[in-house]
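Student: Sequence:
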Amino acid sequence: MWGKFLRYIELYNDAACLNGLKNTGEMWREPYESETFEVEVEELWQTLKPLYQQLHSYVGRRLIRRYPHNGIKADGLIYSLTPAWSM
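Here the sequence shown is numbered in the UniProt record's numbering, starting from 1 and rising by one per residue.
It should be emphasised that the hints constitute simulated quantities derived from the structure, not laboratory data.
Using N, Cα and C, we set each Cβ at its ideal position, and we do this for glycine too.
Hints should not be assumed to be uniformly reliable.
[Said to hold, decoys possible] DEER-style ranges, computed between Cβ atoms:
{"id": "1", "residue 1": "G25", "residue 2": "K49", "range": "19 to 25 Å"}
{"id": "2", "residue 1": "R65", "residue 2": "E35", "range": "35 to 41 Å"}
{"id": "3", "residue 1": "E30", "residue 2": "R66", "range": "40 to 46 Å"}
Based on the provided sequences and hints, a complete structural model is requested.
Tutor: Have a look at this one:
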């Protein structure tokens, strides 16, 4: 499955290059008319990041409390909360 996704991105990158763009990400962002779209998204993420971190921490603590013998580590990743593309 992961190999198919990587192939998909490779083909999408090729299509982007054929259309004069750098990569798939640039092609996906093209419909947004804002020249500062990436900056706006980064500012939004910085605003939401503390809430995300608190939520992640809360869910992790609750999972550890609920499943104490399941091998969940307090300082480790909670895979159900980690976006697939960041792994």
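Student: I want to verify a distance hint. Is the separation of the beta carbons of E30 and R66 within 40 to 46 Å?
Tutor: Holds, at about 44 Å.
Student: Taking the beta carbons of G25 and K49, is their distance inside 19 to 25 Å?
Tutor: holds, 20 Å
Student: Should the hint that R65 and E35 are 35 to 41 Å apart at their CB atoms be regarded as holding?
Tutor: violated, 47 Å
Hint check: a violation occurs at hint 2 only; the rest are consistent with the structure.
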